[in-house]
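2 protein chains.
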Amino acid sequence: MIAAALALLAADALPGTPTAAEIMADAPEGAWVAPDPEDTLYVDVPSGRIVVVLVPEMAPRHVEQLRTLAREGYYEGLHFYRVIDGFVAQGGDESGEKDKGSAAQTLAAEFEVPMPAGLAFTPLGHADPYADESGFVAGQPAGRDPEGGTAWLAHCTGAFAFGRDEGRDTAATEFYVTLQPQRYLDRNLTVLGRVVLGMEHLQAMPRGALGTAGTIEDERRWTPIESVTVASDLPRKDRVPVEVMDTGSDTFRRLIEARAARADAFFYYRPDHVDLCQMPIPVRLTPAQDGE
Amino acid sequence: MIAAALALLAADALPGTPTAAEIMADAPEGAWVAPDPEDTLYVDVPSGRIVVVLVPEMAPRHVEQLRTLAREGYYEGLHFYRVIDGFVAQGGDESGEKDKGSAAQTLAAEFEVPMPAGLAFTPLGHADPYADESGFVAGQPAGRDPEGGTAWLAHCTGAFAFGRDEGRDTAATEFYVTLQPQRYLDRNLTVLGRVVLGMEHLQAMPRGALGTAGTIEDERRWTPIESVTVASDLPRKDRVPVEVMDTGSDTFRRLIEARAARADAFFYYRPDHVDLCQMPIPVRLTPAQDGE
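Those protein sequence lines, which keep their order, are chains A and B. For the first sequence, position 199 matches number 199 in full-length UniProt numbering, and the numbering has no gaps at all. For the second sequence, position 113 matches number 113 in full-length UniProt numbering, and the numbering has no gaps at all.
In short, the hints are calculated from the structure, not lab data. Backbone N, C-alpha and C define an ideal beta-carbon position, used for all residues, glycine too. Some hints could be false.
Derived Cβ-Cβ restraints for the label pairs, each shown as a range [unchecked claim]: (1) A/LEU14 - B/ARG61: 26 to 32 Å; (2) A/GLU133 - B/ASP145: 24 to 30 Å; (3) B/ASP26 - A/LYS100: 37 to 43 Å; (4) A/THR150 - B/ALA21: 28 to 34 Å; (5) B/ARG236 - A/LEU14: 50 to 56 Å.
With the hints as constraints, model all of the structure from the sequences given.
So this is what it looks like as structure tokens:
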């Protein structure tokens with residue numbers, strides 16, 4: 001009797017409209033992409049590994065400098081020293097001393113770039129108050145200005161970006177990861193890519209005191225950066241076998257529709273909308289391949 | 001020379017438009033509200049205390065049952081057993097066994113309610129694709145339907161809500177807190193309030209395996225709930241002296257404007273928009289008062 005009553009009270013599924021789970025179960029192998037190891041960065045902290053996928057076409061100078069700094073071991077022994085709940089976790093050299101002996105240069109801003117010819121832009125298809133058009137580029141949330149012809153990576157959760165001082169061309173070594181969407185930062189800082197695995201390590205870092213936006217005062221609460229490594233510098237067997245859904249695939253386009261439609265019977269109110277930063281971009285780990 | 005060059009490259013501040021920091025520094029004492037201890041819940045986990053402020057007017061039946069369950073010690077020894085990165089942390093009785101000996105009843109849904117006469121609705125003043133109108137009620141983000149006359153608390157980060165099965169009137173004891181905005185859940189579940197302090201404890205909880213949405217398989221990774229307490233049941237000296245900005249205050253209205261304007265010189269691109277879930281609602285701890 002109870003089961004029957006529940007069934008009567010349940011919302012109706014939308015017939016003929018597949019759910020995200022059904023689309024994922026049907027996804028062909030071709031809908032998944034293994035990021036280029038040269039564009040993949042491992043940030044190791046005591047609790048584990050954070051995997052960042054960079055998009056060099058969207059921030060060529062910053063990505064090149066980041067690879068150089070990683071390869072010279074610049075970040076080893078530095079810290080996440082500015083962590084603000086619901087905002088960002090920022091890492092680098094709080095003292096500013098270490099820049100002197102490194103390849104670090106202040107970089108010309110890459111807040112937005114001419115839309116790279118080699119990359120596809122998959123429109124979200126829903127209005128976005130922070131961009132003329134929003135969508136996805138190379139497995140990452142992005143905005144673009146169709147008139148101006150520029151594009152930029154968006155500050156959804158997990159955006160990996162370079163910090164800067166007040167001047168636009170002052171970024172050099174400091175990076176941050178957004179712990180929540182912070183779209184107002186779009187086109188004000190240079191986003192290089194996004195965290196695809198290990199957000200839980202960033203979310204678990206000790207925060208600064210309530211209401212303070214700067215450095216965590218107690219240095220014992222800083223999270224050490226053990227190393228920052230370009231994946232291609234490791235033997236293949238030591239790399240994380242991560243794959244990201246191709247945001248240009250038919251599967252991903254169907255997932256966007258499913259997220260807006262919410263066809264499953266759980267939903268009573270269907271917004272017919274999905275926000276750029278509430279659209280998950282699926283990530284998976286593949287079993288290690290023999291003979292590679 | 002370097003400083004001069006930086007100054008030339010910096011964006012211009014908008015003259016005459018105060019920044020959020022300036023407004024906060026000027027905020028009168030009357031812009032702060034101490035939540036009613038009868039509407040304040042402490043969820044204690046091993047790493048510390050999570051402070052939840054409930055809005056009984058927005059979910060009267062659910063808040064009443066939650067207080068009853070807290071007072072009978074229902075949640076003691078239960079767990080956060082379903083924690084999904086970027087989605088929710090869910091707590092309660094995974095086995096479903098404990099309900100039998102408790103006051104728990106399945107509750108008629110309170111997804112949205114007639115706008116309570118005693119509460120003010122402060123409009124955000126910016127378009128929101130998830131609500132006819134969005135804004136703030138009793139220090140919490142909310143939506144409303146001016147034609148239908150209903151309102152609801154919104155699923156921004158830290159929303160405290162009851163889980164349910166497929167049927168709309170099936171919520172009883174399980175609760176969840178959103179770790180990111182999940183606005184598509186608005187009007188599909190009953191939100192009771194929000195976390196005002198201690199989100200870092202929820203964000204640090206061990207997650208389930210990548211790609212799984214259910215219970216964390218390894219029970220050793222569940223986070224124990226040590227206790228759930230209504231603040232008014234503790235002596236005044238043991239309560240957390242928290243205050244939340246009055247979202248009906250002139251100070252808060254000015255903060256909304258400042259967040260949309262981004263007048264400080266750091267910003268080169270100003271979106272003239274603020275998203276409901278990207279509008280912080282300030283919280284502070286007051287020094288304990290003598291003689292109270």
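- Message: Flag every earlier hint the structure violates by its number, smallest first.
- Response: none
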